[in-house]
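> This is what each chain is made of:
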Amino acid sequence: AQKITQTQPGMFVQEKEAVTLDCTYDTSDPSYGLFWYKQPSSGEMIFLIYQGSYDQQNATEGRYSLNFQKARKSANLVISASQLGDSAMYFCAMREGGSQGNLIFGKGTKLSVKP
Amino acid sequence: GAGVSQSPSNKVTEKGKDVELRCDPISGHTALYWYRQSLGQGLEFLIYFQGNSAPDKSGLPSDRFSAERTGGSVSTLTIQRTQQEDSAVYLCASSYNRGEYSPLHFGNGTRLTVT
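Chains as they are written, first to last, in this note's numbering: chain H, 1 to 115; chain X, 116 to 230.
Bear in mind the hints are in silico, worked out from the structure with no lab data behind them. Every residue gets a Cβ at the ideal spot worked out from N, C-alpha and C, and that includes glycine. Among the clues, some could well be false.
[Unchecked claim] Here are some, though not all, of the chain X residues that point toward chain H, as calculated from beta-carbon distances under 8 Å:
#: 1; residue: 171
#: 2; residue: 180
#: 3; residue: 204
#: 4; residue: 215
Just chain X, with the same shape it has in the complex (with noise of 0.2 Å):
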């Protein structure tokens, strides 16, 4: 597709149970992002990746937290034993580079709801 793709769109799940977010972004983009919105709130950095090498993850809430990238394209976030507080809309965004000029273009989302 032309745009930023991510599955699943809606995901619930009971707290303690992992759950996987996937992000396919738009085909040459090097540079992938994640973010977390929650009800009525600004975006919150997560994590970046230039290729499929992740440079900086301090943006990650805590250790439950780990996404990867490989072959420069598709990304996988993991959420390891969910806790309410998890609960969210989950954006990933993809820019052609890490340029300051470049645009990143989002996903529609996964909304992450934790029972």
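Chain H on its own, in the form it takes in the complex (with noise of 0.2 Å):
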């Protein structure tokens, strides 16, 4: 079973509009984080933002935040008022705390933003 799914191989939004990109995880360990990364067309990997699995409150970070309902095991990135910027590949990763560390990514969603 994948640990990571991201169901929006692609999407559009208009540019000022804010965008919900999905993702939903599987775990049986009580601590883990989630991660979302930026991947524009230079192929750079960006860290935008994490919630920690005990975290109460859902992270912010600027324009963006993340929507975390834990009983759903969800984690779903929402960007505010897009930018023309913001078009770039978008992972959602999670790192598990009885594991050696490494992020398992997504397959991602493709965002375009349209003038």
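Put the two chains together into one complex; each comes in its own frame, and the hints tell you how they fit.
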């Protein structure tokens, strides 16, 4: 079974609007971290935002926020006020506490921002 | 430098030749990871180092792949007798430790093309 599922291969959003990128995860480890990365066409992997399994509040970082619903095992990324520069691949990833610490990645969502 | 540094950024090699990819992690980061990303695909975990030791090498695709890390810092990934299916972007990442709450910081990758 996949540990990280991103069901949206591609998404379009109008500039200045908000968009939600979906991510569900599967783990039996009580302690884990959830991460979102952005990969523009240049190829670099840019860390955006993090949510710990014990965090009570949803993480926010500028225009990025993470809608963390622990019971549903979902960690959706919300980008507010989309900009053209937000066009990129977005990867959801998880690190489990009982593991060697490698990030397990989803297959990614390609976001395209339309002017 | 402040970030993870990888070299070379691009490498074109003939089938059957050996290649060596280098990663210089962020200073003070004890955990180091290698991933591979084929064109349009997600990230495939290869190997992880904690200090100089690699507890789990099961992610390496074949025995043509090997990696080492010296002095708890620089790591090299070596591919012997390269094949065309080895063509991919090889990404290195480091984190402060292997704990689930530390983000991985990625280098810009080495794009390997085997002709």
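> The structure should be examined with respect to each hint, and the outcome stated for every one.
Structure-based check of each hint:
Given hint, residue 171 of chain X at the interface with chain H, holds; its Cβ is 6 Å from that chain's nearest Cβ, closer than 8 Å. For residue 180 of chain X, the shortest C-beta to C-beta distance to chain H is roughly 16 Å, which exceeds 8 Å, and the interface hint is violated. The criterion of a C-beta within 8 Å of any C-beta in chain H is met by residue 204 of chain X, whose closest approach is roughly 6 Å, and the hint holds. Taking 8 Å as the C-beta cut-off, the interface hint given for residue 215 of chain X holds, the closest approach to chain H being about 4 Å.
Of the numbered hints stated above, the single one contradicted by the structure is hint 2.
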